[in-house]
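Sequence positions in the sequence shown follow my numbering and run 7 to 676.
What the hints contain is simulated information worked out from the structure, not anything from laboratory work.
Hints may contain errors.
Said to hold, decoys possible - EDC-like cross-link-like pairs, simulated, lysine to aspartate or glutamate; straight-line CA separation at most 20 angstroms: (1) Lys-505 / Glu-199; (2) Lys-90 / Glu-30; (3) Lys-43 / Glu-553.
As the list claims (entries may be wrong) - Okay, the calculated beta carbon distance ranges per label pair: (4) Glu-184 / Arg-384: 41 to 51 angstroms; (5) Asn-567 / Met-237: 29 to 39 angstroms; (6) Ile-272 / Ala-412: 26 to 36 angstroms; (7) Gln-500 / Asn-327: 40 to 50 angstroms; (8) Pro-189 / Glu-278: 38 to 48 angstroms; (9) Val-405 / Arg-384: 12 to 22 angstroms; (10) Ser-321 / Arg-286: 23 to 33 angstroms; (11) Ala-412 / Gly-391: 43 to 53 angstroms; (12) Pro-168 / Gln-23: 22 to 32 angstroms; (13) Thr-413 / Ile-272: 28 to 38 angstroms.
Even glycine gets a Cβ: it sits at the ideal position worked out from N, Cα and C.
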Amino acid sequence: MSQTYDHLIAEKNLLDQARQGNAEAIATLLNRSLNPKGITALARLEQDTLHILIEGVPTPPPDVAPFVQQGVASLGIVSAQTLKIYGRQRGVSQVGWQQAYSLAPTAGVAGAGSATVMQSAQANNGLPVTEFELGAGGGQQVAVGDRLLQMTPHGGVVTLLPQPAAPVLRSRTLPSPEAACPPMPYLVGRQPELEGAIAALQQSQPVEFYGESGLGKSALARALAHHPSSMGLASEGLVYRIVGEQPIEDLYQCLFEDFFESEASIPQKLTEEEVQYALRQKRALLVLDDVRLPPNALERLTRNLSTLNLIATASERNLWNDSHSAALSGLPQTESVNLLERYLNDPLTPEQRPSAEQLCVLLYGHPQRILQASMLIRDRHLSLGALVEQLQSGATLEVLVLRACATFPDAERRCLAALAVLGEVPVQTHHLAGLTGTSTPQPVVANLASRGFLSSDGVHHTLAGNLLAPLRQFWNLGQWVQPVVRHFLHWVQQQAPIKGALLPDLTLLTRVVKLAAEKEQWKEVVQFARLMDGPVALGRRWGAWEEIWDAGLRAAEHLGNPQAIALANHQLGTRALCLGDTFTAINYLTQALRLREAAGNETAAAASRHNLSLLLAPMQQRQPQPSQPPQYQPPPQPPPYQPPPYQPPQYQPSQPGQPQPQLPPLPLQP
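Just need the whole structure built from these sequences, with the hints factored in.
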């Protein structure tokens, strides 16, 4: 029997043991779901009570308990009548919280229907829907190991690949370092930090710069990447990525696509281990900017991709072992004054120099705050001496800067308001056109960046970190949320049919979906989830796919929309099924099947029933053809390959006759 079916039989045996009350099997299924979130589970069955202890750092939140309860209930453990869940911090003996649930069957779909759902799934042996409903056209499939995901109008349908083919890979030629990561035109100071990082890279140690926003971490990383000593370590080129809050599994997929292209007719979603194997011999420089990953994720990546020379920037420290992690603070006094003088575009007079030195001390040598202060002086909002007096008397630079915004053009103030709503996620220039109501956002962005209001690499723009909280405090940004959400919803509606168009902005779009959920714009959240479902799943960004449908499920529940609730459960369960997370798959797919059967939607129910049957159906009913286990072949050494120049997606501006989101009045001033 093939490896595919051996795996499924082993999985079904584990599931059978869990349903019989085997505590070790229950804990194994739970840990597959919870370990990626930094949570571990222990299980113990005493008489008719199942005890589950979940641990993490910090203590796992109590809202994990309903997920565990639903999953355990879906297993249908006959010997357990009561479930008690305990949460505590790892390494601490005291329990932080506990919750108890009854597992006894109750009347209705949610209770006694559990056994019926299991029997319904076990009885399913054929394909759930017709070839037409499966969407047999090309481009609607993605392979995940031994499973093939086919997108349909009723959600994903999974079929088995008896002999998965090893991916046939071809190495990409990386863009030039200057194109991948534009060099810094100048770098003021930071010579000790630069020298320490160069020495670490030469010893094959990963390098990390961390500290608050605006200290120049990205500038230092880019200067290090283009230093001759660093470039000599990257025989295969340089890869630069802004990470932000991108899920770690999506980052692995992106890195794989940076180095390889696949010749397979069906795209393949690779696991972390498969990416590690594919990149095991790559010798390149990897720059990861603005890393906001969960604890230990970056350190694990450096271990897994040890042949890549890593330079990372982050707000907090991520690397601890066998690495060079440098905390950045303000510039020394002399360098701070030199930077101020450069930003003023005018040499300091001997009379001005003492005030300039005082100003830099008051600003702690912070480069971005020095730039903002220079704007106040250069634009004649305050003289150098008056600014020093104001700061010494207790005024904050941020409030003084926001007061200066009263003289800014409307488009610039609208740009600041929109970026403040979006937070710390980078926004590309073409979005700012729609958000500010101007067809030429480049001058707007350039003016704001030159004054220190934005951090910008020329393509991606983020509000200065020290201005985010004051803007949210003093400006009425609530009226901006709906126009921002509607702008991106309108854009997604236009771009979703274009293959790959959403992926470059996916971190931003995921942030917008979460923003809409935070502001309880539930209808828009469900619209986002439906529109982005196919492009994100087929684009193999499955971390974002999960986040979008998590928000979609919450929104559908608030709306009381059973069809949307069922679809969200189905997609979350199908994703888990493809990734081998049996506990989560059974949990969500069971909920989807119950709702779809209760609604009488047999075609949709058949899709959920089919996917669930891959875990629950008796394996002896299947008769696969014998085959050899697949062997993953390393990528062949290709002949010199010159790919066509990279062409970024072309986004067409809306036509004048098309409806546009309405912008609210300008925000109030502090």
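Determine whether the Cβ-Cβ distance between Pro-168 and Gln-23 falls within the hinted range of 22 to 32 angstroms.
-> Hint holds: Cβ distance 26 angstroms, inside 22 to 32 angstroms.
Range agreement (Cβ of Gly-391 with Cβ of Ala-412, hint 43 to 53 angstroms) = Since Ala-412 and Gly-391 have Cβ atoms about 22 angstroms apart, the given range 43 to 53 angstroms is violated.
Using the C-beta atoms of Pro-189 and Glu-278, is the stated range 38 to 48 angstroms upheld?
-> For Glu-278 against Pro-189, whose Cβ atoms are near 32 angstroms apart, the range 38 to 48 angstroms is violated.
For the pair supplied as a hint, Lys-505 and Glu-199, confirm whether the alpha-carbon distance does not exceed 20 angstroms.
-> Violated - the C-alpha atoms of Glu-199 and Lys-505 are around 43 angstroms apart, more than 20 angstroms.
Supplied distance hint 29 to 39 angstroms, evaluated on CB atoms of Asn-567 and Met-237 | Violated: the Cβ-Cβ distance is about 55 angstroms, outside 29 to 39 angstroms.
Lying within 41 to 51 angstroms: is that true of the beta-carbon distance Glu-184 to Arg-384?
-> 30 angstroms, violated
Pair hint outcome, Lys-43 versus Glu-553 [Cα-Cα no greater than 20 angstroms] | Holds - the C-alpha atoms of Glu-553 and Lys-43 are around 13 angstroms apart, at most 20 angstroms.
With 23 to 33 angstroms as the target window, see if Ser-321 and Arg-286 comply at their CB atoms.
-> Between Ser-321 and Arg-286, where Cβ atoms are some 31 angstroms apart, the hint holds.
Is 28 to 38 angstroms a correct range for the gap between the Cβ atoms of Thr-413 and Ile-272?
-> Cβ of Thr-413 to Cβ of Ile-272: about 57 angstroms, so the range 28 to 38 angstroms is violated.
Confirm or reject the claim that Val-405 and Arg-384 have a C-beta distance inside 12 to 22 angstroms.
-> Holds: the Cβ-Cβ distance is about 19 angstroms, inside 12 to 22 angstroms.
So does Gln-500 sit 40 to 50 angstroms from Asn-327, Cβ to Cβ?
-> 46 angstroms, holds
For Ile-272 and Ala-412, compare the CB-CB distance with the range 26 to 36 angstroms and indicate the outcome.
-> Given about 57 angstroms between the Cβ atoms, the range is violated.
When held up to the earlier numbered hints, the structure conflicts with 1, 4, 5, 6, 8, 11 and 13 and fits the remainder.
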